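*Asks:* All chains, please: the whole structure from these sequences, using the hints.
2 protein chains.
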Amino acid sequence: MPVLYGYFRSSCSWRVRIAFALKGIEYEQKSVNLIKDGGQQLTDQFKAINPMQQVPAVTIDGITLSQSLAIIQYIEETRPEPRLLPADPKQRGQVRIICDIIASGIQPLQNLYVLQKIGADKVQWAQHFINRGFEALEPILKQTAGKYCIGDEISMADICLVPQVYNAERFKVDMSQFPTIRRLNQTLIEIDAFKATHPSCQPDTPDDLQA
Amino acid sequence: MPVLYGYFRSSCSWRVRIAFALKGIEYEQKSVNLIKDGGQQLTDQFKAINPMQQVPAVTIDGITLSQSLAIIQYIEETRPEPRLLPADPKQRGQVRIICDIIASGIQPLQNLYVLQKIGADKVQWAQHFINRGFEALEPILKQTAGKYCIGDEISMADICLVPQVYNAERFKVDMSQFPTIRRLNQTLIEIDAFKATHPSCQPDTPDDLQA
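Heads up: the protein sequence lines correspond to chains D and Z, in order.
All the letters of the first sequence, read from the start, carry residue numbers 1 to 211 under full-length UniProt numbering.
All the letters of the second sequence, read from the start, carry residue numbers 1 to 211 under full-length UniProt numbering.
Because the hints were derived from the structure by calculation, they are not lab data.
Being a predicted model, the structure only gives us computed values, none of them experimental.
Just so you know, not all the hints are guaranteed correct.
One copy or two, either will do: identical chains are not told apart, so a pair holds if it fits within one copy or between any two.
Said to hold, decoys possible - Using 30 Å as the maximum straight-line C-alpha spacing, the simulated DSSO-like pairs for lysine-lysine come out as follows:
1. K90 x K23
2. K172 x K117
3. K142 x K47
4. K36 x K147
5. K122 x K23
6. K47 x K122
7. K47 x K90
8. K142 x K30
9. K30 x K90
10. K172 x K90
11. K147 x K30
12. K47 x K147
13. K36 x K90
14. K172 x K47
15. K23 x K117
16. K117 x K147
*Replies:* Structure follows, in structure tokens:
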């Protein structure tokens with residue numbers, strides 16, 4: 001059975017949880033507490049699993065993978081049903097643009113490690129980069145969206161969007177500026193694979209944050 | 001013919017130039033000067049091409065793509081020869097881990113926009129994040145590398161590595177700490193597709209920076 005090393009509140013861990021859930025793949029969760037003891041991701045034990053000292057990491061089929069999009073694409077290529085990337089290359093391109101705007105253009109700039117380095121101005125910094133990314137995503141999604149980010153089929157773009165909106169809400173970004181993103185998130189968050197994997201109901205979610 | 005909107009010194013633009021060159025695809029370059037006039041990527045005209053206001057962007061087959069890895073994967077899926085991703089899913093996973101460590105874990109934290117916001121400490125900031133990423137890449141590549149990043153076949157991992165080493169050198173990162181990365185870079189930089197696309201010899205390279 002695959003093992004996911006993750007943390008309830010890590011948006012990149014949540015991406016992988018959603019992918020497993022959509023595919024109906026059972027997996028074991030091992031919690032890596034990013035706060036406790038100065039951060040369990042910094043131990044030598046975890047560094048051997050992921051030299052980047054970040055979650056998520058996954059052991060599957062005898063190998064260890066890190067980086068959430070690399071993990072999800074490995075799952076997609078080895079367990080193709082239901083698919084998380086459309087068949088058409090142009091649509092696949094659209095999915096990947098949305099994934100990469102989030103995974104390269106937003107999330108890395110507002111993750112825990114970076115905000116710890118920013119210090120006192122961290123909320124303003126996070127808001128700035130989430131706003132900048134969402135200002136780009138909003139007109140793109142307005143063009144590509146149907147029921148979901150790309151037409152009416154759930155894809156990796158949706159898997160990236162929902163955890164990023166969760167982060168935006170944590171940092172009190174004004175979501176009324178982004179009606180398409182907000183509408184997509186509201187639809188997706190009601191789907192079982194997104195709901196059951198939400199940070200508020202994971203094995204390592206502290207009692208006071210449980211839904 | 002595809003059009004690449006890029007900038008000679010942008011490491012993400014260079015990734016796309018290498019991919020086109022390896023595939024033998026002719027393309028037109030349109031320069032978006034990231035410095036001049038406060039940054040040509042910020043104009044309304046360019047915002048219509050890429051709402052993220054970043055290079056690269058590519059128009060190809062009647063569509064416009066942004067985000068370098070999304071662009072390269074579109075090219076890979078529509079022009080499969082020579083391949084830039086191995087056939088084996090586990091090896092593809094390894095390629096993508098390396099790409100994503102660079103594209104999500106290093107480059108976004110040391111790009112022009114972020115460094116402008118960091119201000120006076122920008123060199124130290126860039127060095128810190130490049131060092132952190134290379135400290136993770138070095139042991140991974142030590143395991144996966146043959147002649148190139150993953151075995152003896154050039155892949156997207158090599159396409160991401162070389163421009164990131166170029167950035168490391170610009171920020172005077174001590175590369176002697178990373179013997180595997182340095183050795184791979186020295187091998188790759190001699191290959192035509194990497195040499196001909198180097199920032200020192202592009203149509204928009206200023207005279208004083210020409211090789």
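*Asks:* Does each hint hold? Answer for all of them.
*Replies:* Hint check results:
Taking CA atoms no more than 30 Å apart as the test, K90 paired with K23 passes in both settings, with 23 Å inside one copy and 19 Å between copies. Taking the closest pair of Cα atoms, K172 and K117 come within 30 Å of each other both inside a single copy (20 Å) and across two copies (21 Å). In this assembly of identical chains, the alpha carbons of K142 and K47 lie at most 30 Å apart only when taken from different copies (15 Å versus 41 Å within one copy). Neither within a single protomer nor between protomers do K36 and K147 lie at most 30 Å apart by alpha-carbon distance, with minima of 40 Å and 41 Å respectively.
Proximity of K122 to K23 under the C-alpha cut-off of 30 Å is found in neither arrangement, the shortest distances being 36 Å within a copy and 43 Å between copies. Taking the shortest alpha-carbon separations for K47 and K122, both the intra-copy value of 26 Å and the inter-copy value of 27 Å come in at or below 30 Å. In this homomeric assembly, K47 and K90 come within 30 Å of each other (Cα to Cα) only across copies, at 20 Å, whereas the closest approach inside a single copy is 38 Å. In this homomeric assembly, K142 and K30 come within 30 Å of each other (Cα to Cα) only across copies, at 27 Å, whereas the closest approach inside a single copy is 38 Å.
Proximity of K30 to K90 under the C-alpha cut-off of 30 Å is restricted to the inter-copy arrangement: shortest distance 22 Å between copies versus 37 Å within a copy. In this homomeric assembly, K172 and K90 never come within 30 Å of each other (Cα to Cα): the closest approach is 34 Å inside a single copy and 39 Å across copies. In this homomeric assembly, K147 and K30 never come within 30 Å of each other (Cα to Cα): the closest approach is 33 Å inside a single copy and 36 Å across copies. In the homo-oligomer, the alpha carbons of K47 and K147 lie at most 30 Å apart only across protomers (26 Å), although the nearest pairing inside one protomer, at 40 Å, exceeds that limit.
Taking the shortest Cα distances, K36 and K90 never come within 30 Å of each other, neither inside one copy (44 Å) nor across copies (33 Å). Proximity of K172 to K47 under the C-alpha cut-off of 30 Å is restricted to the inter-copy arrangement: shortest distance 26 Å between copies versus 33 Å within a copy. For a Cα distance limit of 30 Å, the shortest separation of K23 from K117 qualifies neither inside one copy, at 37 Å, nor across copies, at 41 Å. Taking the shortest alpha-carbon separations for K117 and K147, neither the intra-copy value of 39 Å nor the inter-copy value of 37 Å comes in at or below 30 Å.
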